[in-house]
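Engineer: Can you build the whole structure from these sequences, using the hints too?
Protein chains in written order, with the numbering used here: chain A, 673 to 888; chain B, 264 to 481.
FYI, nobody ran anything at the bench for these hints, they're computed from the structure.
With a cut-off of at most 20 Å between alpha-carbon atoms, the simulated DMTMM-like pairs for lysine to aspartate or glutamate come out as follows:
no.	chain 1	residue 1	chain 2	residue 2
1	A	K731	B	D326
2	B	K384	A	E755
3	A	K887	B	D328
4	A	K731	B	D328
5	A	K735	A	E681
6	B	K384	A	E768
7	B	K401	B	D361
8	A	K887	A	E863
Label-pair distances were calculated between CB atoms; the ranges are:
no.	chain 1	residue 1	chain 2	residue 2	range
9	B	A268	A	P872	51 to 61 Å
10	A	F874	B	I471	48 to 58 Å
11	A	S675	B	D328	22 to 32 Å
12	A	G809	B	L423	25 to 35 Å
13	B	G413	A	E766	35 to 45 Å
None of these values were measured; they are calculated from a predicted model. Glycine included, C-beta positions come from ideal geometry on N, C-alpha and C.
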Amino acid sequence: MSSKVTSLEHAMSCIRDGMTLMVGGFMVCGTPELFMDALVEKGVKDLTIICNDGGLPGKGIGKLITNGQVKKLIASHVGLNPEVGQRMNNGTMEVELVPQGTLAERIRCGGAGMGGFLTPTGFGTVVQEGKQVIEVGGRPYLLELPLRADVALIGGHRADTMGNLVYRQSTRNFNPPMATAADLVIAQVREVVAPGEIDPDFVHTPGIFIDYIVKA
Amino acid sequence: MDAKARRELIVRRIAREFKSGDVVNLGIGMPTQVANHVPEGVTVLLQSENGFIGLTSAPAEPDLDLVNAGGQPAGIITGGCFFDSCTSFGIIRGGHVDYTVLGTLEVDQHGNIANWMVPGKMVPGMGGAMDLLTGARKVIVATDHVTKDGAPKLLERCRLPLTAVGAVDVVVTDMGYFEITPDGFLLKEIAPGVTIAEVKAATAGNLIITPEVKVMTA
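Structural biologist: What follows is the structure, given as structure tokens:
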């Protein structure tokens with residue numbers, strides 16, 4: 673079986689203007705910084721980014737936002753990167769705020785072939801606006817729809833050449849669901865090993881979800 | 264009491280609510296300090312919504328791969344475990360978190376809470392707050408009783424955009440411990456040195472005073 677390991681240049685050549693990207697990480701912990709730097713250098717624009725948060729100034733997707741490459745951000749929290757608020761207010765970037773658990777589950781649905789899910793989160797708040805309310809067992813739920821992307825950029829720790837991935841500590845966060853929910857999935861890892869060196873019982877993301885591995 | 268002492272009273276009182284084995288999620292700010300005051304002999308499991316159970320303070324040499332839900336360096340206890348965001352919010356939404364403690368801008372007598380945005384001023388996003396309020400078995404709000412300008416934060420109806428509807432069980436302030444009941448804020452305990460007249464004057468929502476009211480101790 674051929675190796676999924678490729679060069680950074682080749683992996684980044686798949687990303688073009690106007691694409692929707694999922695970027696793993698939580699307050700940049702678990703964000704593939706190698707890809708963030710490469711995308712700044714490449715200068716792709718009009719991106720829609722799906723990420724837990726707005727990154728930090730100069731870190732994670734904060735780099736792409738500062739460089740004016742993001743048209744729209746879908747995230748749960750943007751308070752730690754003041755530039756997001758500024759761009760939201762001056763109209764240079766659209767921001768859609770989604771409750772964190774709803775964001776994770778919408779991504780999971782996108783990767784799992786589901787048409788959406790019902791959640792009590794956000795009922796009676798602005799999150800409910802424009803959404804169908806469905807009662808189950810007398811309790812109201814919001815119908816939340818799946819999210820998918822053209823490309824998912826994943827921050828892993830170790831991979832084998834078949835793409836089986838292991839994350840380390842709290843870097844895991846949004847990476848596993850995002851790895852299932854994009855047409856093309858590219859993971860940055862610190863270490864590449866031969867198949868068999870990762871115990872099959874301890875694989876976090878099955879290799880079949882991963883298209884390319886880039887060693888940082 | 265100065266602001267620091269008043270906040271310490273709040274967090275110490277909340278820390279006495281837990282029993283060993285409870286799964287607890289603490290919000291950023293004053294709620295985080297509750298962890299420092301859990302009574303001796305009580306061991307709670309702190310959930311960090313970015314993906315682990317067993318949150319503790321960061322070791323002397325922090326590991327960049329391990330942060331809390333505020334993105335700050337953190338530690339994990341022996342016996343803790345990591346998971347992804349879907350599992351984390353399955354834990355939260357699914358009722359597997361016994362308590363969440365959150366700060367607030369406003370809370371009302373119906374248990375509604377507004378703590379995620381001020382239109383035109385502050386729109387940081389709700390993060391995990393909406394899920395935590397909806398899913399945790401018991402929601403405790405830790406807050407100063409009034410704003411910096413002296414305006415009540417315990418209201419008849421929240422005015423700011425809501426984070427959740429009817430979600431709050433208990434409000435602990437520097438003036439007392441209040442339970443949300445169908446009739447309003449039931450004053451269960453009053454802070455030392457505070458009079459009932461003072462509590463009434465500082466509260467905008469319906470307040471229920473009974474002869475059973477005790478003194479709130481840290």
